[in-house]
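Read off the chains here:
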Amino acid sequence: MQETEFLNLWKSLDERITENLHLNRIQAEEITRLKIKSLLSSMRPIKVFALAVGVVWIVWVDGLLVVTFGNASPFFWWSALFQVVLCKMAVGIYLYQLLLLAGTDIAEPVLETQARLARLKATTLSVTRILFLQLPAWTTFYLTPAMLRDSPLLGLMIQFLVTASAVVAAGWLFIHIREKNKDARWFRVLFSGREWDPLLKSLELLDQTRDYQGTRTS
Amino acid sequence: MDTARRDAFLEMADTHKGILYKIARLYEKDEDDRKDLLQEMLLQLWLSFDKYDGSTRLSTWIYRIALNVAISAYRKQARRREVREPVPETTIGADPETDELLDRLKAYIQELRELDRALLILSLDGNSYTEIADILGITPTNVSTRLSRVRQQLRQKFNP
Numbered sequence: 001m002q003e004t005e006f007l008n009l010w011k012s013l014d015e016r017i018t019e020n021l022h023l024n025r026i027q028a029e030e031i032t033r034l035k036i037k038s039l040l041s042s043m044r045p046i047k048v049f050a051l052a053v054g055v056v057w058i059v060w061v062d063g064l065l066v067v068t069f070g071n072a073s074p075f076f077w078w079s080a081l082f083q084v085v086l087c088k089m090a091v092g093i094y095l096y097q098l099l100l101l102a103g104t105d106i107a108e109p110v111l112e113t114q115a116r117l118a119r120l121k122a123t124t125l126s127v128t129r130i131l132f133l134q135l136p137a138w139t140t141f142y143l144t145p146a147m148l149r150d151s152p153l154l155g156l157m158i159q160f161l162v163t164a165s166a167v168v169a170a171g172w173l174f175i176h177i178r179e180k181n182k183d184a185r186w187f188r189v190l191f192s193g194r195e196w197d198p199l200l201k202s203l204e205l206l207d208q209t210r211d212y213q214g215t216r217t218s
Numbered sequence: 219m220d221t222a223r224r225d226a227f228l229e230m231a232d233t234h235k236g237i238l239y240k241i242a243r244l245y246e247k248d249e250d251d252r253k254d255l256l257q258e259m260l261l262q263l264w265l266s267f268d269k270y271d272g273s274t275r276l277s278t279w280i281y282r283i284a285l286n287v288a289i290s291a292y293r294k295q296a297r298r299r300e301v302r303e304p305v306p307e308t309t310i311g312a313d314p315e316t317d318e319l320l321d322r323l324k325a326y327i328q329e330l331r332e333l334d335r336a337l338l339i340l341s342l343d344g345n346s347y348t349e350i351a352d353i354l355g356i357t358p359t360n361v362s363t364r365l366s367r368v369r370q371q372l373r374q375k376f377n378p
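If you read the protein sequences in the order shown, they are chains A and B.
Under this note's numbering, think of the first position of the first sequence as 1, with each following residue one higher.
Under this note's numbering, think of the first position of the second sequence as 219, with each following residue one higher.
Don't take every hint at face value.
Only pairs whose alpha carbons sit at most 20 Å apart, straight line, appear in this in silico PhoX-like list of lysine-lysine [claimed, not checked]:
| # | chain 1 | residue 1 | chain 2 | residue 2 |
| --- | --- | --- | --- | --- |
| 1 | B | 269 | A | 11 |
| 2 | B | 235 | A | 201 |
| 3 | A | 182 | A | 201 |
| 4 | B | 253 | B | 240 |
| 5 | A | 180 | B | 235 |
| 6 | A | 11 | B | 375 |
Hints listed in this document are in silico derivations from the structure and should not be mistaken for laboratory results.
Could you build the full structure based on these sequences and the hints that come with them?
Spelled out as structure tokens, the structure:
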């Protein structure tokens, strides 16, 4: 099939798609009366909510760290410190996402807008990595020196195994949950389910935009 | 003032409705999702209408918004897909042979990756390389290179 034949075929397709087409003026007019915010603004509330919850949690844990400094079990204190530092990093990412959103205009060139939106969604990976990294802190915060001193050997061994497993799992996931592994089987299993579909799709779109901009890394 | 603005918008939407319907048809297979997509496109055009300053062609501005909305639709699809699976479309016209070719062309375009799909639609719609470059945000040389690849694939598909 030649170029001109394709163009003729397209014209036929164009005619079929637009034939008998009339804009539903009443519906279109209703749209102009809606007090709905833009597509991008609608993404903002959930991020603002996450940010607010994160800030409240940080203030609470920071306060607790100050008050219990020198009094609390060192296991509790260092676990809480580790967790709150990671939480601050996650809050930083939500701030970055809000900044990306604020700078996005749907009327900008397609690649620019799509790259920005895909990057925004892809930063969810960083939040997930951070969430996994704090796993060990949740296996140590309740320990006290007395517990370690007085517990039976079996209890200590179980505790050690749980914490060591959490450290290994958190470290491995933190290192390997990256965009470059998005096609790996374990990655697809970990991020399977409808709630993760937009994330996987945005990673694919990010690949496409990089491909078009000639900045693809893998 | 508000009525005049609304009338101007409705006239603009009516004049360029073909762009919106075509993009919606080629980015969304499911009928209900397509209606949602069209509504979203109109809404985004309306919300950006005041910001249009005439520095680009009106059609360029409409293509940008329509394509950005269509490509971004995946954010909302996950929830909807659980309920509905798209039904394959069949074109019914006077000539069965042309209908079959049209179905193949439509299916081929829908199979393309989102950005390649946008590129081919813009090209088949008769936009120049410079106009396509302006809509997508790449150089005309890049448009030419990528388009020749997509067209090559299209030819192979139709002339195996």
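Is the Cα-Cα distance between residue 11(A) and residue 375(B) 20 Å or less?
19 Å, holds
Given the hint that residue 269(B) pairs with residue 11(A), does the C-alpha gap stay at or below 20 Å?
32 Å, violated
Is it true that the CA of residue 180(A) sits at most 20 Å from the CA of residue 235(B)?
40 Å, violated
Given the hint that residue 182(A) pairs with residue 201(A), does the C-alpha gap stay at or below 20 Å?
10 Å, holds
Taking 20 Å as the top limit, are the C-alpha atoms of residue 253(B) and residue 240(B) close enough?
12 Å, holds
Assess, step by step, whether the Cα of residue 235(B) is no farther than 20 Å from the Cα of residue 201(A), and give holds or violated.
It is violated: about 28 Å lies between the C-alpha atoms, which goes past 20 Å.
Going through the hint list in order, the structure does not satisfy hints 1, 2 and 5.
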